[in-house]
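Those protein sequence lines, which keep their order, are chains A and B.
Going letter by letter, the first sequence gives residues 1 to 524 in the numbering used here.
Going letter by letter, the second sequence gives residues 1 to 373 in the numbering used here.
Please note that the accuracy of each hint is not assured.
Stated by the list, open to error - Label pairs and their computed distance ranges (CB to CB):
| # | chain 1 | residue 1 | chain 2 | residue 2 | range |
| --- | --- | --- | --- | --- | --- |
| 1 | A | V230 | B | G295 | 29 to 39 Å |
| 2 | B | K369 | A | A411 | 38 to 48 Å |
| 3 | A | L283 | B | P339 | 14 to 24 Å |
Simulated from the structure, these hints should not be mistaken for lab results.
Being a predicted model, the structure only gives us computed values, none of them experimental.
Don't be surprised by glycine CBs; every beta carbon is placed ideally from N, CA and C.
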Amino acid sequence: MRWILLSLLALVLVAPARALTPAQARSLVAGEVESRVAALNAVLATADDKTVALIQALSDDAVKITDSAVFVMKDGKGFDPVTGAEKPVPETAEDVVNNNEMRSELDAALASIKLFAPDDKVRAEAVKTLAGGDIGEAKLPLIEKAFAKENVPSIKEAIGRVRSAMLLGSADKSKRLDAANALGATGTPATKTLLLDRLKVETEPDVKSAVEAALRQIEARLAWGERLGVIFTGISLGSILLLVALGLAITYGLMGVINMAHGELMMIGAYATYVIQNLFRSLLPGAFEWYLLLAIPASFLAAALVGAVLERSVIRWLYGRPLETLLATWGISLVLQQAVRSLFGAQNVPVENPAWLSGGVDVMSNLTLPFNRLAIIAFAVLVLAGVSALIARTRLGLFVRGVTQNRKMAACMGVNTARIDTYAFALGSGIAGLAGCALSQVGNVGPDLGQGYIVDSFMVVVLGGVGQLAGTVYAAVGLGVLNKLLEGWQGAVLAKIMVLVFIVVFIQKRPQGIFAMKGRSAEA
Amino acid sequence: MSAVLTAPLPPATPGGGLLTGKSWSAVLAAIVVVAVLVPVLNLAVPAGSAFHLSEYAVQLVGKIMCYAICALAMDLIWGYTGILSLGHGVFFALGGYCMGMYLMRQIGSDGQYRLPMPDFMVFLNWKEFPWHWAVSDSFIAQMLLVVLVPGLLAFVFGYFAFRSRIKGVYFSIITQAMTYAAMLLFFRNETGFGGNNGFTDFKRILGVPIATPNMRMLLFVITGLTLIGFFLLARWLVNSKFGRVLQAIRDAETRVMFTGYDPLRYKLAIWVISAVMCGIAGALYVPQIGIINPGEMSPAASIEIAIWAAVGGRGTLIGPIVGAFFVNGAKSYFTQAFPEFWLYFLGALFILVTIFLPQGIIGLVRRKKEGST
Numbered sequence: 001m002r003w004i005l006l007s008l009l010a011l012v013l014v015a016p017a018r019a020l021t022p023a024q025a026r027s028l029v030a031g032e033v034e035s036r037v038a039a040l041n042a043v044l045a046t047a048d049d050k051t052v053a054l055i056q057a058l059s060d061d062a063v064k065i066t067d068s069a070v071f072v073m074k075d076g077k078g079f080d081p082v083t084g085a086e087k088p089v090p091e092t093a094e095d096v097v098n099n100n101e102m103r104s105e106l107d108a109a110l111a112s113i114k115l116f117a118p119d120d121k122v123r124a125e126a127v128k129t130l131a132g133g134d135i136g137e138a139k140l141p142l143i144e145k146a147f148a149k150e151n152v153p154s155i156k157e158a159i160g161r162v163r164s165a166m167l168l169g170s171a172d173k174s175k176r177l178d179a180a181n182a183l184g185a186t187g188t189p190a191t192k193t194l195l196l197d198r199l200k201v202e203t204e205p206d207v208k209s210a211v212e213a214a215l216r217q218i219e220a221r222l223a224w225g226e227r228l229g230v231i232f233t234g235i236s237l238g239s240i241l242l243l244v245a246l247g248l249a250i251t252y253g254l255m256g257v258i259n260m261a262h263g264e265l266m267m268i269g270a271y272a273t274y275v276i277q278n279l280f281r282s283l284l285p286g287a288f289e290w291y292l293l294l295a296i297p298a299s300f301l302a303a304a305l306v307g308a309v310l311e312r313s314v315i316r317w318l319y320g321r322p323l324e325t326l327l328a329t330w331g332i333s334l335v336l337q338q339a340v341r342s343l344f345g346a347q348n349v350p351v352e353n354p355a356w357l358s359g360g361v362d363v364m365s366n367l368t369l370p371f372n373r374l375a376i377i378a379f380a381v382l383v384l385a386g387v388s389a390l391i392a393r394t395r396l397g398l399f400v401r402g403v404t405q406n407r408k409m410a411a412c413m414g415v416n417t418a419r420i421d422t423y424a425f426a427l428g429s430g431i432a433g434l435a436g437c438a439l440s441q442v443g444n445v446g447p448d449l450g451q452g453y454i455v456d457s458f459m460v461v462v463l464g465g466v467g468q469l470a471g472t473v474y475a476a477v478g479l480g481v482l483n484k485l486l487e488g489w490q491g492a493v494l495a496k497i498m499v500l501v502f503i504v505v506f507i508q509k510r511p512q513g514i515f516a517m518k519g520r521s522a523e524a
Numbered sequence: 001m002s003a004v005l006t007a008p009l010p011p012a013t014p015g016g017g018l019l020t021g022k023s024w025s026a027v028l029a030a031i032v033v034v035a036v037l038v039p040v041l042n043l044a045v046p047a048g049s050a051f052h053l054s055e056y057a058v059q060l061v062g063k064i065m066c067y068a069i070c071a072l073a074m075d076l077i078w079g080y081t082g083i084l085s086l087g088h089g090v091f092f093a094l095g096g097y098c099m100g101m102y103l104m105r106q107i108g109s110d111g112q113y114r115l116p117m118p119d120f121m122v123f124l125n126w127k128e129f130p131w132h133w134a135v136s137d138s139f140i141a142q143m144l145l146v147v148l149v150p151g152l153l154a155f156v157f158g159y160f161a162f163r164s165r166i167k168g169v170y171f172s173i174i175t176q177a178m179t180y181a182a183m184l185l186f187f188r189n190e191t192g193f194g195g196n197n198g199f200t201d202f203k204r205i206l207g208v209p210i211a212t213p214n215m216r217m218l219l220f221v222i223t224g225l226t227l228i229g230f231f232l233l234a235r236w237l238v239n240s241k242f243g244r245v246l247q248a249i250r251d252a253e254t255r256v257m258f259t260g261y262d263p264l265r266y267k268l269a270i271w272v273i274s275a276v277m278c279g280i281a282g283a284l285y286v287p288q289i290g291i292i293n294p295g296e297m298s299p300a301a302s303i304e305i306a307i308w309a310a311v312g313g314r315g316t317l318i319g320p321i322v323g324a325f326f327v328n329g330a331k332s333y334f335t336q337a338f339p340e341f342w343l344y345f346l347g348a349l350f351i352l353v354t355i356f357l358p359q360g361i362i363g364l365v366r367r368k369k370e371g372s373t
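With the sequences and hints as input, model every part of the structure.
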């Protein structure tokens, strides 16, 4: 395939190419800028290898000139630009100086020549250069030719945009109309600014209206992209909140233990991920891409183990004293933070995304869905499904629910309530560890990791209602989307404050959260 | 479920007075120490003498006395009413900011930019003062705000929270959310309180230079007397019928309600009083330390107030003051000697006190006394 293309290109390029004449060479390097630009554009349409070499040399500041001759300098020796033969350079030869205008013309000329290069990458790069710069209409024939010949769709589209942009500046009114219509159909933020610029200088009324229509079209599309983007980041935040709050829904929602060290259990999960990553890097560099597969269970186990130890050593003694539990777990959180600082240092540690999680899907010109965020949403759904199945369908879940509803009765039925407490707390902690593992893929991993989420996650549980998983889900996603919507409107800090105020007001109306436990308890 | 203290109520003073004779002499001694002894040791005794009290020590004790007022306020709401607030740091900081605004105006044109506006406003290119700075050049108005702003915030917040019968841990978490929101708000430059730098570089108070030994000593004495005054006030409150109802609410709120009392009013009243005390503590703190920034509003700062009260002994009034001195004394020792161990120590304190010392230091002392008699 490639060699066919190559030969085709060679044919197209070579067939009409006329050899560079000495007069042309001279007109390119000497004289006023305007005349040199005109000469450049004249030779460009029919450029041969020698011409390209000369332009390249000009761009590299490697051309010297005397009254009668032009020299392309290479390794300190002079060559004739037309024949390519070596010539002695006289003492009187001077460097050709290019001003900024000439230089950008040269760059544009080189880029438009590169549009015919056989390598896809070189062509894509060339289009980018052209789209970034301001190019005169004189290069239009060349661009047209490249556009007609191009058969890689993405590059063709890009050349098409450059072409429309050039046509938009054309002196011909009908060409401008066509260009405006064409630009309206494709739509990137870059074309938008292009059209806006044109609108300022356009005088013809019907072209003006066409440009305006194109602008409206693009804006509508961009607005959709933005709206979808906000909703996506909202869902993404919601999925993170869900992961964080799921663990709390078990320890606080089911067991009634207020665990201020929940954020630090997440931190442990994130650091476990970091350790596994480093182990893979040093021991199994070949399988580095897949370190997450081991990091997920490792982060769960690490956090669950710490949770079980905490429950056995501290929290056990404080059941029924929620305020004291709050203070003691706060103390635990301080100790854990400082322990991590002592072990890993106070700085954030780097956790790398595996290659399959970096990058994203381009849905629209201004909307890219990053793979790591998509993966976290999927992960949150999986964890949610796992937890609800565990609570609803397993023997452990049955015991946990039994102990929650009536501890004494459960004990009478032969349930080892103390052991169930430990298991349940370890489970909640382990889920916090999973949340930490997920967070390590999108944010910084440092000793303060948990602090930022603890208030939010308690809000989710309080809003969702205690003792319910469904409420937690709705509250997490709802708060995530609400937060991002308000953020777009009022900025991050005010959005957060508004959400907190909203929750406080909401609690006024429904002190039990979205889904209240049914009952007649006088002590809420 | 409200937090039920396992200890019986602290015995009312025999004879029905505010304090026993012995305690009165202790209070008198405290007043003498604060108002006479410390100023003499600091100002009159020459610097070389063994009895000289350094500037640093005066500043440290002054700071801890402000914290002790907070701990006392925390004891009223937590120790006696059973409501754990994780938002007292906000009231403290609000009082401090009200004082700080006045002090910023007192800088006048002596700031870095030599302009009548505070430096951070010049930096933000503000041409005139925002609305909440309207009365900031009046000392009396700002001192009223020191009381009114925390009081009003506490009233509104408390009214809505207590009305919908949010209690226990729920209330604690909501107050923490309030703290967090307030901190975020004050970190913004646009809020008009100097963003994360807060207020600092004060020059004068009431036209008098602020960084002189005499001024520092005056502030110290005022703080000490305020602490003693608040202690007596709190003592009077908890021994009154009002205080008895508060303790009944702590132990069995539903029963209090069924007996015909409206817990809302009692809780709201003590909540506002407690907040105002913290505000005043903040206002005394800022001119002594010379800086106020949103860090004072962090959830961690608020929760530390609770641990001062817990370490000293809740429901004893004198305990939280002892706790504030013990914990903050330890803090200034540790952060100098072994900075990396301070958080271990503080964390361990949180855990050990809640598990092994629910009555705090005072409880320990009392138990010793009972054991020996």
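Exercise. Any hints from earlier that this structure breaks? Give me their numbers in increasing order, please.
Key: As far as the earlier hints go, only 3 is violated by this structure.
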